[in-house]
Amino acid sequence: MANDEEEWDMYAPVLPATPSDGWTLDNLPSDLPKHTELIRGALVMSPQKGWHLLVVRMLEHGLFSQAPNTYLVLREMAVRKSPRSAPEPDVSLVRAAAFELDKSIYLPEDIALAIEVVSPESEERDREDKPVMYAMMGIPGFWLVERGEDDAPVVYEHRLAGDRFKLVNTHVGRLVTDTPFPIDIPLHVPER
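Quick note, the sequence shown lines up with residues 1 to 192 if you use UniProt numbering.
Calculated from the structure, these hints are not laboratory results. Please read all numbers here as calculations on a predicted model, not as lab measurements. Treat the hints with care, as some may be off.
Simulated restraints on C-beta separations [claimed, not checked]:
(1) LEU53 x ARG174: 35 to 43 Å
(2) HIS61 x ALA161: 27 to 35 Å
(3) ARG75 x ARG174: 39 to 47 Å
(4) VAL172 x GLU124: 22 to 30 Å
(5) GLU123 x GLU76: 12 to 20 Å
(6) PRO182 x LEU160: 18 to 26 Å
(7) ARG84 x ARG164: 18 to 26 Å
The calculated EDC-like cross-link candidates involving lysine to aspartate or glutamate, where the alpha carbons are at most 20 Å apart (straight line), are [as the list claims (entries may be wrong)]:
(8) LYS81 x ASP129
(9) LYS166 x GLU146
(10) LYS49 x GLU123
For every residue, glycine included, the Cβ atom is placed at its ideal position computed from N, Cα and C.
Hey, can you work out the whole structure from these sequences and the hints?
Printed below as a string of C-alpha cells:
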C-alpha cells in the first residue's frame, strides 16, 4: 500500500524543465496547476488547506456583496509586476473597467486591493515578499490575513504610503473600513 507521499507523487504535475534564464510570462506552460505563481522567474505552487479556502471564500463573498459596480472581486488572478514576476493575490479587488472574461493577468493599476491569506506553506512570501511587490507596483490597498485565536481570521489592513505599505488597522471579530468603499464583514470561519 502506498504511503501519502508516494500517492501524492503519482498525481503531482510534471513540469517541463525550467529555461536557463527562468520563466517569463511569455514562455509559461499553458497547463500549470491552479494557484501557480511566477515569482522572479520561478514557478511557485502553493497547495491550499481548508482554513485558507474558507477564509478566502468568506472575504470574497463579503466584498462581492458590498462592492459598488465599479469593482469586481476576483480570486487567483495574477498581477503583472514584470515579465518575470506576476504574483497572484488570493483575492483581488479589480476595477470593473479592466475586466475581461478571458483575462487572467492584470496590470497593477487595475487592482485597488490585494489580499493574502497566510498559510504555513506561504508564510514568508505572504508576509515579506508580496507586500513589498504590491507596494512597488503601486497597489493602493493590501490586507494580510492571519489565523488568530480559535481559528478566527485577523485582518491587517495596510494602505500605500509612498513606496511601502503602512498598517492602518487590525481587525478582529469584524472588518469595518471605508477604503476603497464602505465595508463591513464579520470575521469568522464558517461553521462546518
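We went through each hint and held it up to the structure:
Checked against the given bound of 35 to 43 Å, the beta carbons of LEU53 and ARG174, roughly 21 Å apart, lie outside it. Checked against the hint of 27 to 35 Å, the C-beta distance between HIS61 and ALA161 comes to roughly 29 Å, which is consistent with it. At about 22 Å, the beta-carbon gap between ARG75 and ARG174 misses the expected band of 39 to 47 Å. A hinted range of 22 to 30 Å holds for the C-beta pair VAL172 and GLU124, which are about 23 Å apart.
The supplied range of 12 to 20 Å is met by GLU123 and GLU76, whose beta-carbon atoms lie about 19 Å from each other. Separated by about 19 Å at the C-beta atoms, PRO182 and LEU160 satisfy the suggested range of 18 to 26 Å. Between ARG84 and ARG164 the beta carbon distance is about 22 Å. The supplied range of 18 to 26 Å therefore holds. Among the hinted pairs, LYS81 with ASP129 is consistent with the structure: their alpha-carbon atoms are about 13 Å apart, no more than 20 Å.
Our distance criterion of 20 Å between C-alpha atoms is met by LYS166 and GLU146, whose separation comes to about 17 Å. A hinted pair counts as satisfied when its Cα atoms are at most 20 Å apart, and LYS49 with GLU123 qualifies at roughly 13 Å.
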